[in-house]
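Protein chains: 2
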Amino acid sequence: MSPNFIHTYVSVDCVVFGFDHENRLNILLVERHLDEERQIKLPGSLIFSDEDVDDAAERVLHELTGIKKMVLKQFKCFADPMRANNENDIQWMGTEYKQHIDRIITVAYLSLCKIDHKINSTKYSTVDWFPIDEVPSLPFDHNKIINESLGEVRKWIEVDFSIIFELLPKKFTIRQLYQLYSALSEKQIDIKNFHKKISSFNYIIPLDEIEKNVSHRAARYYKFDAKIYKKNNTKLIK
Amino acid sequence: MSPNFIHTYVSVDCVVFGFDHENRLNILLVERHLDEERQIKLPGSLIFSDEDVDDAAERVLHELTGIKKMVLKQFKCFADPMRANNENDIQWMGTEYKQHIDRIITVAYLSLCKIDHKINSTKYSTVDWFPIDEVPSLPFDHNKIINESLGEVRKWIEVDFSIIFELLPKKFTIRQLYQLYSALSEKQIDIKNFHKKISSFNYIIPLDEIEKNVSHRAARYYKFDAKIYKKNNTKLIK
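Going down the list, the protein sequences come from chains A and B. Residues in the first sequence are numbered consecutively from 1, following full-length UniProt numbering. Residues in the second sequence are numbered consecutively from 1, following full-length UniProt numbering.
Hints may be right or wrong, so weigh each one.
Identical chains blur together in the list; that is why a pair holds if it fits in one copy or across any two.
Claimed, not checked - Result set (DSBU-like, lysine-lysine): computed pairs, CA atoms no more than 30 Å apart in a straight line: (1) Lys144 <-> Lys73; (2) Lys227 <-> Lys144; (3) Lys197 <-> Lys227; (4) Lys68 <-> Lys192; (5) Lys118 <-> Lys170; (6) Lys114 <-> Lys155.
These aren't lab readings, by the way, just hints derived from the structure by calculation.
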């Protein structure tokens, strides 16, 4: 007897990160409907037979946000044979895709979004930001995917620091950058060391503008210069 | 009409890197047989219906090398709808897997191997090291996978420098480390800067032993201390 090879459906799922005004990491979740119940989940879709996974992820991201250009990074294929064998999940896939599906492989993607961007979904009626430490229990292995995605964002920023500016407004204070970097890091970061290090980065440009209407001392705004960054891309050993 | 969702086979392919005595990066390739012809390709396999992709990759790696413990990293899912529509590839899959397959998604993995490890394959009769810049035209999109894997090894080492020591013998000279790092890097590295940087890494330990029987000036051997490395794991901003 020849071995029993997998023959299956393949989906993509997107974890979109945002950084909110209370300095917390958020992700975008959508609603699925099953009978009368609503349940939140990661945005995703089965891929079409003539579609590459990267194209499917771009499609999902565009249907989700309406935003034309967003950073997008494939990070892992999740293929646990048991990941889609929950009764509710099988029933929902039957309704959504008109197929009986009890095994499905998914390719997970990361994206980053300035949280003040207007989300204008063409597919989902409900799209919401959730603080990453307040995400409830989700269908499939979506909680696992979200947990692993956080480690991936960290690594991504270690490899390419310019990625962090995708999450910040165009003009930002060093305090905002520090709070975002702290939210992304696993360990405590000394603020003095941080300031010292940041001021050595010539691609972070001070602007002639300070904060207005704030209760603390008004801080200077900065901007990120991608061209200067590309020239000086910091590597371990130059 | 409901959309035409993909329903397909899924495989894994492994790119195993080694660093040879002539300071070149090599990869492991295997032979496939089709009629009278032999053609080299990446080692890989369809995954079984009850198998996770990570487990399938471990299985392939073990069948390939006979080595029990090797680093292994999933790096990308390749899903171009045209990646398996070459006549020879379809014919070979028909023979190998007893199925007519004309679309297949693969999940690609990286591994690193000390090139002096004995390769003891339980599956392939022919397994050979090939210098990465001398790899001929391969079936499917294997050349594309290999090209992208090189960028992934670079990123991996930027994020976790300890990975580089998987490719070196247990005791190595700084010249070997320099040559390996140079082979992996895209740009020229100044050897003086390299020496200076390396001597600041307290996890690279000098040994009381120097090279023997060499034509150049005998160099000192060093070893890598994983425990010290873990304590001092270099991050962009501490």
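Original post:
Which numbered hints does this structure break?
Top reply: 4
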